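Heads up: the protein sequence lines correspond to chains Z and E, in order.
Here the first sequence is numbered in my numbering, starting from 1124 and rising by one per residue.
Here the second sequence is numbered in my numbering, starting from 57 and rising by one per residue.
Hint data in this document are derived by calculation from the structure and do not stem from the laboratory.
These figures come from a predicted structure and were not determined experimentally.
Just to be clear, a hint being listed does not mean it is correct.
Said to hold, decoys possible - With beta-carbon atoms standing in for the labels, derived distance ranges:
no., chain 1, residue 1, chain 2, residue 2, range
1, Z, 1129, E, 185, 24 to 32 Å
2, Z, 1382, E, 151, 48 to 56 Å
3, E, 324, Z, 1308, 42 to 50 Å
For every residue, glycine included, the Cβ atom is placed at its ideal position computed from N, Cα and C.
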Amino acid sequence: MIDAQLLISGVIFGLSLGSIYFLLAIGLSLCFGLMRIISLDQLLYYSFGAYMAYTVGLATGSFWCGVAAGTVVAGLMSFIVERFIFLRIYARDPTFSMITSFGLLIGGIGIIKFFWGVVPRPVEAPTLIQANVFGTAVPVYRLIVIGFAIAVYAGIWLFLHRTIVGKAIRAAIESVEHVEGLGINVSRLFTITFVIAGALSGLGGGLHAPLIMVDPMMGLETMAFVFMIVIIGGLGSIKGTLISALIVGQVVSLGSIIYAPMAQMAPFVMMLLVLLIRPTGLYGSPLYKR
Amino acid sequence: MLDTFAWWRGIALMIALLCGLSLVLPLPFMNEVVIFTIYVVGCNFMIGRLGYISFGQPAYLAIGAYSTAFYLFYFGSSPLVGILFGVLGGLIGSLLIGPFFVRLRSDYFAMVNLALAVVVFYLTEKVLVSITQGDNGLWFMTQMTSTPVLDLTIPAQFLVFGIIVTAFVFAFYKYLDGTIYGSCCLATKLNEDKLQFIGYSNFSIRFLGFVIANTTTALAGAMYAVYLGFVSPEMGSPSRAADPIIVTLLGGVGTLFGPVVGAIAYTGMKDVISKLIGNWELFIGFLLVFIMLVADKGIWGTLEPILTRVVSPRSRNTDK
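Based on the provided sequences and hints, a complete structural model is requested.
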């Protein structure tokens, strides 16, 4: 039905898309797992990462400088936002943080429009070489993106399982009170997690920039997909996020090969099916009520 | 808080406020306020009574608007029947969607609704282009016939109709608050375990509330369609998903008349500020953050206790 070359390039495309989505969704997922907040402003750091990749990349001539700048700026922004805004609402209901962060996202889009205007900006990929994968020409850049996602997953895994801070974060996901009782500064753990999440979102935005046009609404457009991934995977689960990011990436990519408008719809249908069977997502924990 | 005024007195006051304002303020502004009020009432009910925050209200608005538009564009010409179709469409839509959504926790619920809004937007813009005409929208301004008593095609008479509908909507919600069902809604927000223990089903209470709230939203969509004379996918755009929530918070969550006050304040600010600066999102976003951090009771939530004291001093100790 579909010839092999189209299928292979579709799979690679889906993997690279899933990798970007994973970088964004992991932030949302970590924030929910640890702080019980739904941090929609990750999408703002994503947009800023992409715009930094555009501006700094253009100024210095090196795309990778732009991505690095985007990651750093996103991390700084998330640090400021966490200190000044989220610190005041940790104790409240998760939906509360959702509204606040949505306000931040909308306000941030206003800032982006103020600085960069509404015109979409193209970002040039750092390498245009095509690699040969099973007899199909595939852009090397997409493979690099996939590599980044694998490195980030490995890094996060090592951080959470091999360092003392990571172990504290994992323990705090189980029970914040116990960790606090052991004399660990939970507030600092929250800040560290939030900054990591923000920086990863910025990295995702920077890496995504050459694959799409950078425009102010990119955060809102991506939000729906990132949401679906977090919901399908289950809030607070890193493994679930990775798996569902890869699945959604493939569904979008292969779906668009079969029937173009389906790319927008298929993940939603999938999400409905998953939620019908498991209301907390694939790997979501049932312990937390409402 | 629930029985601040005798129910008719409060509604009469609100209607008087709307009528009084419509003498002073321009007509398009008032029409916008009236429709927006109905739009927000549904959202307010879900947040304040059911404890569900929905980022997908534009989806239900679009369902109502497109149901009306399909009727007026392809089949008939009477705006009243069109509105009826819009309400019917919203009812059927929420009956179909409801069972899947109300099983979810409130944070999942908010996200799933947002996803629904995106899907409805794409459906109307891209997938169903053959019948919705995509970004061009459906224009049926000239196809609407005038109705006998109140001519809905004339904005001035539409406003009268809008105020009457608003009065009915308020009377209905006020009535709901007084019934056992209204108390159950509040209970399911506050403590679902206890409610279940008493013997009520959380699922059916939420499902009914979901259907009521979203049918109201669809009614607002239908009225938008008739008032503007056209519909386009822009109406259900997910980027406007925050509007009803902002207005709810601005007016005061869970208060009956918060939506009116919020809608007047919000529409007014939008008019004033969009004249001053073009960058509307910037303001809205930070207003939302500000409300969440500082004044989470809203305008009406702050005013109501003061008004109660002025209007009926004796009930001071009995309210709440």
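Status of each hint after checking the structure:
Between residue 1129 (chain Z) and residue 185 (chain E) the Cβ separation comes to about 25 Å, which falls inside the hinted range of 24 to 32 Å. For the hinted restraint 48 to 56 Å between residue 1382 (chain Z) and residue 151 (chain E), the CB-CB distance of approximately 29 Å leaves it violated. A hinted range of 42 to 50 Å for the beta carbons of residue 324 (chain E) and residue 1308 (chain Z) is consistent with their spacing of about 46 Å.
Checked against the numbered hints above, the structure breaks only hint 2 and satisfies the rest.
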